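Can you build the whole structure from these sequences, using the hints too?
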Amino acid sequence: MIGKLKQNLLVACLVISSVTVFYLGRHAMECHHRIEERSQPGGILPLSALGGSMRTTLRTGQNLSTPFVYNKDMPLIFIGGVPRSGTTLMRAMLDAHPEVRCGEETRVIPRILAMKQMWSRSGREKMRLDEAGVTDEVLDAAMQAFLLEIIVKHGEPANFLCNKDPFALKSLSYLAKIFPRAKFVLMIRDGRASVHSMISRKVTIAGFDLGSYRDCLTKWNRAIETMYTQCLEATDKCLPVHYEQLVLHPEKWMRTLLKFLDIPWSDAVLHHEELIGKAGGVSLSKFWSILIQRHTFSLNGFDTHYWKRRPTTSSLEGSATAFYHHKHFAPPPLKYFARSALKSTPMTPGRKKPLAHCNHHHRVSIYMKISISGQPGPRAGPCLSININ
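The opening residue of the sequence shown carries number 10 in the numbering used here; numbering runs sequentially from there.
Just so you know, these hints were derived from the structure itself, not from any lab.
Any given hint could be a false lead.
[Stated by the list, open to error] As a list, the in silico EDC-like pairs of lysine to aspartate or glutamate whose alpha-carbon atoms are at most 16 Å apart:
{"#": "1", "residue 1": "Lys179", "residue 2": "Glu234"}
{"#": "2", "residue 1": "Lys186", "residue 2": "Glu242"}
{"#": "3", "residue 1": "Lys186", "residue 2": "Asp82"}
Keep in mind the model is a prediction, meaning the values are calculated, not measured.
Structure (structure tokens):
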């Protein structure tokens with residue numbers, strides 16, 4: 010009896026061992042196959058390997074049983090700028106396109122990029138990482154995989170994927186390095202309007218003191234300078250878009266943008282408000298202003314009297330220098346810029362190029378100068394001076 014029991018146990022153990030060896034061998038072959046796939050040029054990652062569902066996407070109508078492939082060489086789109094500069098509007102308009110998926114802010118990507126910058130700036134930390142074998146090449150590969158994973162997985166598949174995290178463009182040069190075919194859209198808005206919007210709407214932004222106009226304008230200026238400079242250095246990979254121009258001439262600017270991104274035209278981008286919350290459309294947002302069609306009242310959300318009343322000499326002493334003209338783009342109509350406060354010479358609205366003596370080493374030809382003294386302040390460059398009497 011005991012001998013028969015031992016025999017049965019031996020057979021059972023043999024069966025279990027055989028099954029275990031079979032499955033281990035099978036998984037080993039699959040792992041080897043995946044390693045070979047990833048070692049191919051371009052590091053192709055099928056959607057199934059990234060956990061994508063094998064279904065028909067509402068955005069493209071394409072069956073994913075033959076999955077899309079995602080890799081670092083795909084044409085990603087990054088939308089950025091200072092918050093309250095039209096980044097959400099731009100994201101919503103692109104999201105309305107049937108071949109584009111942006112989705113809402115991830116909030117993770119800018120933090121990871123900032124951490125990477127911190128490691129690079131600290132000589133001691135970089136030395137320690139190099140000694141540990143965590144070289145720039147290792148970190149770049151890890152950043153590629155991590156960022157791509159987030160962009161791919163936080164929404165449904167599409168032929169063109171984009172990310173809208175405003176401050177991600179502070180690392181525009183680095184993103185262009187690790188994603189060679191990525192393109193960037195930098196949203197630019199009048200600095201006073203951006204600050205007025207963030208303070209009046211109480212939009213919390215890391216590093217911005219909403220109780221101080223001086224602090225917000227200083228931080229705005231610093232952020233836009235960092236992003237704008239990198240945008241110019243990226244040449245044909247970055248397109249600056251002025252919020253005011255987008256609102257006033259949406260079709261013209263969306264056609265320019267889609268041509269820049271090599272995306273076919275679709276009238277849907279002009280009617281994003283009709284697709285809010287719909288399947289395959291634009292995901293819901295907290296910001297009510299994108300629920301309605303591009304509104305022009307935001308261009309008059311602040312005026313001369315507001316800026317006379319709110320700032321004080323102590324809180325806004327000196328000037329706020331704002332970049333507002335790229336060599337290829339004309340400024341918005343001056344009536345939308347604190348109309349009675351403008352004194353513009355020699356720049357005139359509608360000029361396609363800056364005057365020769367307005368050129369700057371950053372190719373910025375219009376500056377805004379705010380003075381609280383009651384007298385015209387020193388001009389911030391030869392093109393434009395704004396005085397608050």
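Distance restraint between lysine 186 and glutamate 242, which requires alpha-carbon spacing of 16 Å or less: Roughly 12 Å between the alpha carbons, so the hint for lysine 186 and glutamate 242 holds.
16 Å limit on alpha-carbon distance, applied to hinted pair lysine 186 and aspartate 82: 11 Å, holds
Holds or violated: lysine 179 to glutamate 234, with C-alpha atoms at most 16 Å apart: 9 Å, holds
Consistency with the previously given hints is maintained throughout, with no hint failing.
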